[in-house]
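Each of the two chains sits in its own frame; use the hints to bring them together as a complex.
Line order of the protein sequences matches chains X and B. No gaps in the numbering here: position 63 of the first sequence is 63 in the working numbering, and each next residue is one more. No gaps in the numbering here: position 91 of the second sequence is 91 in the working numbering, and each next residue is one more.
The reader is advised that the hints may include incorrect statements.
Coverage of chain X stretches by chain B, computed from C-beta distances (three or more under 8 Å per stretch; other residues unrestricted) [unchecked claim]:
| no. | segment |
| --- | --- |
| 1 | 49-61 |
| 2 | 69-82 |
| 3 | 89-102 |
Distance condition first, Cα-Cα at most 25 Å in a straight line; then the derived SDA-like pairs of lysine to any residue [what the hints assert, rightly or not]:
| no. | chain 1 | residue 1 | chain 2 | residue 2 |
| --- | --- | --- | --- | --- |
| 4 | B | LYS100 | B | PHE85 |
| 5 | X | LYS26 | B | ILE135 |
| 6 | X | LYS98 | B | VAL137 |
| 7 | X | LYS26 | B | ILE54 |
| 8 | X | LYS26 | B | VAL140 |
| 9 | X | LYS106 | X | ILE32 |
| 10 | B | LYS100 | X | ILE55 |
| 11 | B | LYS100 | X | THR76 |
| 12 | X | LYS26 | B | LEU141 |
| 13 | X | LYS106 | X | ALA92 |
| 14 | B | LYS62 | X | GLY97 |
| 15 | B | LYS62 | X | ARG94 |
| 16 | B | LYS62 | X | LEU82 |
| 17 | B | LYS100 | X | LEU56 |
| 18 | X | LYS98 | B | LEU139 |
| 19 | B | LYS62 | X | ILE89 |
| 20 | X | LYS26 | B | HIS55 |
| 21 | B | LYS62 | X | MET93 |
| 22 | B | LYS100 | X | SER57 |
| 23 | B | LYS100 | X | LEU75 |
| 24 | X | LYS106 | B | LEU139 |
| 25 | X | LYS26 | X | ILE107 |
| 26 | B | LYS62 | B | LEU142 |
| 27 | X | LYS98 | B | LYS62 |
| 28 | B | LYS62 | X | ALA86 |
| 29 | B | LYS100 | X | LEU73 |
| 30 | B | LYS62 | X | THR84 |
| 31 | B | LYS68 | B | VAL84 |
| 32 | X | LYS26 | B | LEU51 |
| 33 | X | LYS98 | B | LEU142 |
| 34 | X | LYS21 | X | LEU10 |
| 35 | X | LYS21 | B | LEU139 |
| 36 | B | LYS62 | X | TYR96 |
| 37 | X | LYS21 | X | TYR99 |
| 38 | B | LYS62 | X | LEU87 |
| 39 | B | LYS67 | B | ALA138 |
Hints were generated in silico from the structure; no laboratory data involved. Note that the structure is a prediction, hence the values are computed from the model and not measured. Quick reminder that beta carbons are idealized off the backbone N, C-alpha and C, glycines included.
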Amino acid sequence: MTVYLLALVLFCVGIYGVLRKRNLIKIILGIIIAEHAVLLFFILVGYRLNGRAPILSPDAPITQMVDPLPQALVLTAIVIGLATTALLIALAMRLYGKYGTYDIAKIRELRG
Amino acid sequence: MSKEQGPGMSIIVKTVTRLTVWLILLYGIYIVVHGHLSPGGGFAGGVIIALSFIHLMLAYGKEMALKKLSEGLLGVWESTGGLVFLVIALLGLTAGYFFKNFLPAGEPFHLVSAGTIPLSYIAISVKVWAGLFAIFVALVLLRVDTEQK
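Chain B extracted, bound-state conformation (with noise of 0.2 Å):
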């Protein structure tokens, strides 16, 4: 209800988010990390951290979470993801075949193995949380440009 209060919702919306999106983005990370040994793995953990992001957008306003990361960041990290993931299928090809698993395959059941699966996992988070995070920002900017007209 003050006045210097800025864009974006009212201030207990806005400590509440302070202390809990780096809860969501952890816990989003969590989940791509480990998606190879429990349930979850890279769009399920892509779209949490996506959401991480699209909190802070909804608490703060769209030019706080766009000062973090553009727009133009954005494309720039979802591509990435994408190339990441064929570098890592065209990797295979120096082993054998298409996506085959050049890396030792580790001791099961542990964080560090299943060779590839896990840098495929997290190549496809960065692509799934970019990706949907620019969805959201295209569907706000879209809005301010048909107030415009």
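Here chain X stands alone, though its shape is the one from the complex (with noise of 0.2 Å):
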């Protein structure tokens, strides 16, 4: 339950990121660990104690796995992540080549 809640925590972290910092820059590493916050909730929540990697071996016994379905989950969500984290970049980097500043509040102010 105390690792939840530290995941809880994490993504309130990447939360703040987005809703109270003005650099762009800031705003997407908010974004990436809110992100991550959640894809570490899914695998705590797939975790077992002692389990070992869902694959199979010769030796070991297949019942002392860990849960493989939201592992495959966060690996398509995290190619994903890298996409959209990609696209955020380009666009702040589009931004500053316009506007030749990261501060969204100024961003504001140039607009027209």
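Structure (structure tokens):
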């Protein structure tokens, strides 16, 4: 239960970064932290005590495995998160090329 | 600090990169080839292979890395990976259905086993490292493009 609360705390750190920071790069970092907190929560839900990697091997019994289903989901989510992060960074670089700043307050002032 | 250093980071970073980049590349290939036996597989190994190229680019500058692997060739590699994966899946139709394992399964827990799955992993890894390195190269070239304006 404690580790679930720690994942929630990590998620709140990411949300704080998104809501409170002015710099676009720090907002993107907050999005990444929140996303990985959710992925960490999924992995922790599928974990069992003293479990091993969910793959067949000749000598170990099949009963002591962690749940492989959240791991497959998280692997897909990591790929999609990579693509969205690349898109966010490209948009931030375009904004920097147009306005010359990463500060979202100044970008709003320079509209028009 | 010397004048004839050229682009990239300092000589310490360059020396360490020259010594370790092949180890990173070999570890990625190991993860890909053993994908059907141990944790890992096409995506994880492809990311490690792409990280070795990104490591080279960070230490030596973009000209050196793009001389080893130009950005036009990256698209060719990525398309090749996707096409090989599709061809492996379509060849299953000759034995029955889509993605059917038409090769002999072999001995379990040996390196050459599991039919088409290692070949699919290799195709996925080619697509992943080419795609990931292409994203990095695109971001680097995009910054150059905005600076020139």
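Hints, one by one, checked against the model:
{"no.": "1", "hint": "49-61", "result": "holds (count 5)"}
{"no.": "2", "hint": "69-82", "result": "holds (count 3)"}
{"no.": "3", "hint": "89-102", "result": "holds (count 6)"}
{"no.": "4", "hint": "B:LYS100 x B:PHE85", "result": "holds, 13 Å"}
{"no.": "5", "hint": "X:LYS26 x B:ILE135", "result": "holds, 21 Å"}
{"no.": "6", "hint": "X:LYS98 x B:VAL137", "result": "holds, 21 Å"}
{"no.": "7", "hint": "X:LYS26 x B:ILE54", "result": "holds, 23 Å"}
{"no.": "8", "hint": "X:LYS26 x B:VAL140", "result": "holds, 19 Å"}
{"no.": "9", "hint": "X:LYS106 x X:ILE32", "result": "holds, 23 Å"}
{"no.": "10", "hint": "B:LYS100 x X:ILE55", "result": "holds, 21 Å"}
{"no.": "11", "hint": "B:LYS100 x X:THR76", "result": "holds, 23 Å"}
{"no.": "12", "hint": "X:LYS26 x B:LEU141", "result": "holds, 22 Å"}
{"no.": "13", "hint": "X:LYS106 x X:ALA92", "result": "holds, 14 Å"}
{"no.": "14", "hint": "B:LYS62 x X:GLY97", "result": "holds, 20 Å"}
{"no.": "15", "hint": "B:LYS62 x X:ARG94", "result": "holds, 20 Å"}
{"no.": "16", "hint": "B:LYS62 x X:LEU82", "result": "holds, 22 Å"}
{"no.": "17", "hint": "B:LYS100 x X:LEU56", "result": "holds, 21 Å"}
{"no.": "18", "hint": "X:LYS98 x B:LEU139", "result": "holds, 16 Å"}
{"no.": "19", "hint": "B:LYS62 x X:ILE89", "result": "holds, 19 Å"}
{"no.": "20", "hint": "X:LYS26 x B:HIS55", "result": "holds, 24 Å"}
{"no.": "21", "hint": "B:LYS62 x X:MET93", "result": "holds, 18 Å"}
{"no.": "22", "hint": "B:LYS100 x X:SER57", "result": "holds, 23 Å"}
{"no.": "23", "hint": "B:LYS100 x X:LEU75", "result": "holds, 24 Å"}
{"no.": "24", "hint": "X:LYS106 x B:LEU139", "result": "holds, 24 Å"}
{"no.": "25", "hint": "X:LYS26 x X:ILE107", "result": "holds, 15 Å"}
{"no.": "26", "hint": "B:LYS62 x B:LEU142", "result": "holds, 13 Å"}
{"no.": "27", "hint": "X:LYS98 x B:LYS62", "result": "holds, 24 Å"}
{"no.": "28", "hint": "B:LYS62 x X:ALA86", "result": "holds, 18 Å"}
{"no.": "29", "hint": "B:LYS100 x X:LEU73", "result": "holds, 24 Å"}
{"no.": "30", "hint": "B:LYS62 x X:THR84", "result": "holds, 24 Å"}
{"no.": "31", "hint": "B:LYS68 x B:VAL84", "result": "holds, 23 Å"}
{"no.": "32", "hint": "X:LYS26 x B:LEU51", "result": "holds, 23 Å"}
{"no.": "33", "hint": "X:LYS98 x B:LEU142", "result": "holds, 13 Å"}
{"no.": "34", "hint": "X:LYS21 x X:LEU10", "result": "holds, 16 Å"}
{"no.": "35", "hint": "X:LYS21 x B:LEU139", "result": "holds, 24 Å"}
{"no.": "36", "hint": "B:LYS62 x X:TYR96", "result": "holds, 21 Å"}
{"no.": "37", "hint": "X:LYS21 x X:TYR99", "result": "holds, 18 Å"}
{"no.": "38", "hint": "B:LYS62 x X:LEU87", "result": "holds, 21 Å"}
{"no.": "39", "hint": "B:LYS67 x B:ALA138", "result": "holds, 15 Å"}
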